[in-house]
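Top to bottom, those sequences are chains A and B.
Letter by letter, the first sequence follows residues 1 to 90 in the working numbering.
Letter by letter, the second sequence follows residues 91 to 352 in the working numbering.
Calculated directly from the structure, the hints in this document are not laboratory data.
Check each hint, because a few of them may be wrong.
Said to hold, decoys possible - To give an idea of the interface, some chain B residues facing chain A are shown, with a C-beta separation under 7 Å as derived from the structure:
id, residue
1, Pro103
2, Ser108
3, Gly109
4, Cys110
5, Gly113
6, Thr114
7, Asn117
8, Val303
9, Thr304
Quick reminder that beta carbons are idealized off the backbone N, C-alpha and C, glycines included.
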Amino acid sequence: MRLVIDQDRCKGCNLCTLVCPYRIFLPGKTLNRKGVVVPELDRPERCTNCRLQKLYGRTLCGLCVMICPDQAIRWEEEEPHEPHKVAIEY
Amino acid sequence: MSYQDWFRQDRLPHIYCSGCGNGTVINCTLMAVDELGWKEEETVFVSGIGCSSRASGYIVTDSLHTTHGRALPFATGVKLSNPDLNVVVFTGDGDLAAIGGNHFIHACRRNIDLTVICMNNQIYGMTGGQGSPTTPAGALSTTTPYGSSEPAFDLSELAVAAGANFVARWTSYHVKELTRAIGAGMRTPGLSFIETMTQCPTNYGRRNKLRQVTDQVEFMKNHTALRQKLDRMRESGQKVPTDIIAIGEFVRRDRPAMGVRR
Chain A
1 MRLVIDQDRC KGCNLCTLVC PYRIFLPGKT LNRKGVVVPE LDRPERCTNC RLQKLYGRTL
61 CGLCVMICPD QAIRWEEEEP HEPHKVAIEY
Chain B
91 MSYQDWFRQD RLPHIYCSGC GNGTVINCTL MAVDELGWKE EETVFVSGIG CSSRASGYIV
151 TDSLHTTHGR ALPFATGVKL SNPDLNVVVF TGDGDLAAIG GNHFIHACRR NIDLTVICMN
211 NQIYGMTGGQ GSPTTPAGAL STTTPYGSSE PAFDLSELAV AAGANFVARW TSYHVKELTR
271 AIGAGMRTPG LSFIETMTQC PTNYGRRNKL RQVTDQVEFM KNHTALRQKL DRMRESGQKV
331 PTDIIAIGEF VRRDRPAMGV RR
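Construct the entire structure; sequences and hints are all you get.
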């Protein structure tokens with residue numbers, strides 16, 4: 001699965017940068033075509049839910065999706081599934 | 091089916107300001123509804139007037155957008171005429187505590203089988219930031235330019251005193267706990283009242299030195315404590331700071347309820 005921010009819905013409040021335990025969301029720097037500074041994704045393949053949701057059969061974490069007031073964050077299916085090399089930071 | 095299917099996709103994005111906590115509360119409510127497995131045709135969302143009350147318009151089920159403060163009487167009518175419906179009321183602090191205060195205590199007294207979700211942003215957000223009954227003492231607003239001098243309303247304690255069957259308070263930062271509390275409230279027969287403290291960056295945070303949305307959410311994170319912890323602190327004689335908000339489950343009891351599904 002893949003983490004996606006909907007460019008049409010995001011209003012740039014940066015709440016996702018506050019809650020992500022992996023700090024995948026970083027405050028953005030450039031305006032998008034709607035004039036909103038959308039957060040940037042820093043190595044989104046580290047997201048636990050994207051990696052392990054299929055294995056565990058349930059939603060893990062999911063804080064960014066729930067706290068996003070504009071329903072802009074979602075997980076997309078990747079077809080075919082590509083395994084990613086993930087560096088775990090301690 | 092996921093909680094995203096409960097949104098009217100053609101109405102999104104909604105009109106709430108950037109960073110408004112009401113969207114988070116809608117997410118949590120729909121997640122709880124989705125976990126309970128309610129059907130769309132058996133669920134009704136009722137709301138009054140205000141920012142928070144626009145929430146029912148973004149949900150695919152039947153909804154009622156009613157007059158100011160009168161969401162609870164309308165919801166009572168819906169529930170008593172057809173007890174098979176699941177009725178959820180979205181309301182704000184100005185709607186529930188100010189103009190609809192009397193309806194609120196009587197709905198709690200009658201203990202009708204509703205779920206009332208109050209998005210308490212501590213200000214009248216839609217009309218330009220006037221002070222509401224829940225504006226904390228000392229907070230600035232357009233009608234309290236030198237700081238609010240009145241004590242604020244504690245809606246959860248009011249609901250406990252008036253006789254609601256389930257009362258909980260969480261903030262829009264505590265999304266997982268809020269979802270769990272809303273689910274528990276929906277399962278409880280009788281009136282369940284869930285108060286959620288939400289941020290209002292445009293009208294509350296901007297005037298009260300919390301300019302960024304994240305500042306206000308961090309403030310809610312740092313200035314809340316579990317009710318049990320505060321009770322323990324008081325018992326052991328420690329001094330509790332006055333700006334700490336008690337969160338958690340306040341009461342869960344089994345008073346006789348009206349309008350429960352037969």
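Check your understanding: Can the hint on glycine 113(B) be confirmed by a CB-to-CB distance to chain A that is less than 7 Å?
Key -> Constraint on glycine 113(B) satisfied, holds at 3 Å.
Review point. Under the criterion of a CB-CB separation shorter than 7 Å, is threonine 114(B) in contact with chain A as hinted?
Key: holds (5 Å)
Practice item. Classify the hint on valine 303(B) as holds or violated, based on whether any CB of chain A lies nearer than 7 Å to its CB. Key: Holds. Min distance 5 Å.
Point to revise | Status of the glycine 109(B) interface restraint (C-beta, 7 Å, chain A) | key: Because about 3 Å separates glycine 109(B) from the closest Cβ in chain A, which is inside the 7 Å limit, the hint holds.
**Study point:** Hint check, cysteine 110(B) versus chain A [nearest Cβ-Cβ separation less than 7 Å]
**Key:** holds (6 Å)
Check your understanding: With 7 Å as the cut and Cβ atoms as the points, is proline 103(B) at the interface with chain A?
Key -> holds (4 Å)
Point to revise | chain A contact restraint for asparagine 117(B) - C-beta distance below 7 Å | key: holds (5 Å)
**Study point:** Given hint serine 108(B) near chain A, where the shortest CB pair must fall under 7 Å
**Key:** Since the shortest Cβ distance to chain A is 4 Å, the answer is holds.
Exercise for review: Please verify that hint: threonine 304(B), Cβ, nearest Cβ of chain A, below 7 Å or not.
Suggested key: This hint holds: threonine 304(B) lies near chain A, its Cβ roughly 5 Å from the closest one there, short of 7 Å.
Of the numbered hints listed earlier, not one is contradicted by the structure.
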